[in-house]
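Q: Work the whole structure out from these sequences, hints included.
Protein chains: 2
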Amino acid sequence: MALIVHKYGGTSMGSTDRIKNVAARVAKWHDAGHQVIVVPSAMSGETNRLIGMAKEIMDQPDPRELDMICSTGEQVSVGLLAMALLAIGKDAVSYAGWQVAIKTDSSFTKARIQSIDDTKVRADLGAGKIVIIAGFQGVDDDGNISTLGRGGSDTSAVAIAAAMKADECLIYTDVDGVYTTDPRVVSEARRLKTITFEEMLEMASLGSKVLQSRSVEFAGNYRVPTRVLSSLTDPLMSLAEEAVSGTLISFEEDTNMEQAVISGIAFNRDEAKITILGVPDKPGVAYHILGPVAEANIEVDMIIQNQSVDGKTDFTFTVSRGEYAKAMGVLETVKAAVGAASVSGDAKVSKVSVVGVGMRSHVGVASQMFRTLSEEGINILMISTSEIKISVLIDEKYMELAVRALHKAFDLEKA
Amino acid sequence: MALIVHKYGGTSMGSTDRIKNVAARVAKWHDAGHQVIVVPSAMSGETNRLIGMAKEIMDQPDPRELDMICSTGEQVSVGLLAMALLAIGKDAVSYAGWQVAIKTDSSFTKARIQSIDDTKVRADLGAGKIVIIAGFQGVDDDGNISTLGRGGSDTSAVAIAAAMKADECLIYTDVDGVYTTDPRVVSEARRLKTITFEEMLEMASLGSKVLQSRSVEFAGNYRVPTRVLSSLTDPLMSLAEEAVSGTLISFEEDTNMEQAVISGIAFNRDEAKITILGVPDKPGVAYHILGPVAEANIEVDMIIQNQSVDGKTDFTFTVSRGEYAKAMGVLETVKAAVGAASVSGDAKVSKVSVVGVGMRSHVGVASQMFRTLSEEGINILMISTSEIKISVLIDEKYMELAVRALHKAFDLEKA
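The listed protein sequences correspond, in order, to chains U and X. Heads up: the first sequence runs through residues 1 to 415, numbered per full-length UniProt numbering. Heads up: the second sequence runs through residues 1 to 415, numbered per full-length UniProt numbering.
Be aware that a few hints might be false.
One copy or two, either will do: identical chains are not told apart, so a pair holds if it fits within one copy or between any two.
Said to hold, decoys possible - Think about it this way: if two alpha-carbon atoms lie no more than 25 angstroms apart in a straight line, the pair counts; the simulated DSS-like pairs of lysine-lysine are: (1) Lys-282 x Lys-55; (2) Lys-120 x Lys-103; (3) Lys-103 x Lys-193; (4) Lys-165 x Lys-103.
Because the hints were derived from the structure by calculation, they are not lab data.
A: Okay, here's the thing in structure tokens:
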């Protein structure tokens with residue numbers, strides 16, 4: 001008997017019929033003798049509907065009140081799923097985040113989980129019940145409802161699995177695992193049976209939106225074995241088969257049985273690059289440029305500062321394309337303040353990254369990457385590296401070509 | 001400065017534009033220096049939508065889980081209304097029932113309020129905030145969400161007004177007050193400026209669906225001055241005018257300034273009558289007949305047992321028409337058990353009642369009522385009386401005629 005946490009996304013919970021499918025799948029695990037906790041998202045479209053109404057009333061909805069409203073989507077889901085289980089003769093009980101309680105800080109709309117009380121849940125499991133807990137939400141010390149931000153149900157599921165010391169957290173979604181790259185770009189892309197949590201973290205933060213980055217961090221910090229698998233399979237497929245499907249996020253580097261240097265190619269099409277030229281090179285210049293950008297709530301990704309020449313330097317950074325115009329507006333003000341010569345930008349750039357824990361012990365990954373791109377005639381605009389990742393910024397029009405060439409160069413189509 | 005509770009129904013909260021209207025009206029009261037607590041219902045249609053999904057999953061939805069789901073409608077309303085107030089510069093905060101906390105018993109879908117903690121609300125009011133509390137819901141001792149049943153937001157509002165010792169509870173609805181009878185039946189029907197809570201209780205329980213009966217009971221038990229008034233007026237109409245509009249439910253008989261013997265004519269078209277004939281007249285016969293009916297969850301209204309002849313008696317009672325077939329089914333079984341001769345019924349009967357605290361001190365109300373019906377050639381099938389009400393059951397086809405004749409006979413069209 002194992003303790004298993006299941007998480008189902010909005011598409012899996014998208015209609016009453018789909019909820020019945022989820023119930024059948026959950027019941028199958030329970031029937032096999034496992035204790036099961038289920039963390040569902042809101043029915044697809046519901047959160048957007050609620051945010052839409054809020055925005056009709058307030059351009060910038062008040063965060064506390066927005067959480068009050070948006071948390072109802074998951075509350076409806078848990079109630080419906082509990083009923084679907086009761087309807088097929090399983091004992092089930094649903095809880096909102098505050099009922100467990102899932103304690104968070106008070107950063108409404110992007111709260112962080114601080115603690116989870118497992119008393120009630122453990123008693124229910126002991127009594128043979130299937131426990132259904134609303135994802136995406138919690139409660140702060142003052143009893144206000146909080147939400148964890150978009151995709152927060154993944155984080156809820158992993159955090160609950162950690163608090164309950166679950167044997168595995170199964171994230172059911174509309175893809176059947178993590179791929180070496182996006183199969184829509186490279187048809188030879190291959191599903192990975194395992195990936196280390198560090199690689200997963202890089203893949204998630206680089207735009208492979210299988211799991212929210214924060215949930216991967218949580219899985220890593222608390223060493224929660226987490227599996228990404230499909231909710232679109234027959235709910236009554238054999239449990240033995242289902243239990244090894246998808247992609248397992250592991251914490252042992254040697255579980256990377258495939259011993260590949262590179263695990264995957266991640267990419268993010270919608271990047272924009274901004275350069276501020278001829279900045280007097282004085283201490284604090286980076287802060288004076290990026291401080292106002294951060295204050296405007298614009299997330300900055302890659303940052304480069306050139307070698308200074310004649311006491312002047314150039315400073316380049318990237319933002320997501322949707323925030324390009326806003327960032328350029330901020331920079332116009334900053335330009336005068338820091339005494340820069342000019343500001344230029346390019347909103348048609350993309351980021352391509354090779355990711356793999358194997359590169360730690362293998363030299364030459366960077367040179368192979370750069371040679372491959374060079375052979376395809378692709379100019380590199382910026383480079384950024386971490387221990388297990390090398391990212392390059394390139395012209396948007398070469399993105400697919402770069403991904404395909406790199407996928408082939410690192411033999412990722414081969415198991 | 002007064003402490004005022006406002007309650008708004010689903011129609012008043014039916015769209016984001018209407019919610020903005022509610023906010024404008026609430027702000028007007030707050031601007032005039034009053035402390036305001038607002039109790040809104042779910043947006044119209046929302047509760048039915050949620051129940052509909054529940055029934056797609058479970059024919060008889062589990063009550064606890066149904067409350068989990070249905071309580072979200074009001075939670076969305078309070079959040080949106082708080083935003084609408086914040087958007088026009090008023091300080092406002094919303095609470096779900098459990099956050100206040102509004103404690104109830106554990107009778108899910110029809111819970112009763114046991115206590116209300118006023119600490120948080122009083123602190124907010126003291127800080128100048130408008131406090132918005134979800135109607136219709138509470139929380140039981142085990143932290144489960146409960147709902148009060150249909151129309152429960154009225155009860156929430158009155159109960160909160162009682163707990164807070166509010167100066168007045170204003171129930172905003174889509175009618176502009178309580179009338180001497182339904183204006184759709186008698187065009188001369190007149191709005192009452194005041195009505196005693198006992199009269200209101202009889203009117204409410206007799207099908208004048210302006211206020212849920214339980215909310216009137218609450219108002220009566222805790223002597224909460226409660227006013228029914230229209231939410232369809234211009235939200236910016238003068239506060240002086242609005243404050244005396246509608247109908248005030250009062251607790252002093254002498255506030256019945258109009259000194260009328262009869263306050264109104266209530267009626268209920270959809271009644272059905274069932275007679276069980278030739279029942280051996282032994283102790284326990286009423287119990288043996290009505291026990292099984294109650295067990296089948298069928299509400300019985302009027303009950304008559306005839307004088308027994310030759311040790312046999314007839315027993316007649318009424319149920320709402322929608323439960324007629326079900327009740328007849330139960331009676332077929334009962335018939336054999338009690339040794340009755342036969343069961344007969346009539347599903348086309350209606351109840352008409354005259355209501356008024358004035359009849360306590362005036363003889364002759366009953367005789368005037370019976371004479372009026374007799375002059376119209378209307379046969380009386382059953383009679384039932386209380387201290388402030390006389391009800392008769394008549395053939396459905398005479399209902400409008402009876403109401404009009406009685407309205408005129410008791411001079412109700414005259415102020």
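Q: Please list, smallest to largest, the hint numbers that this structure does not respect.
A: 1 and 3
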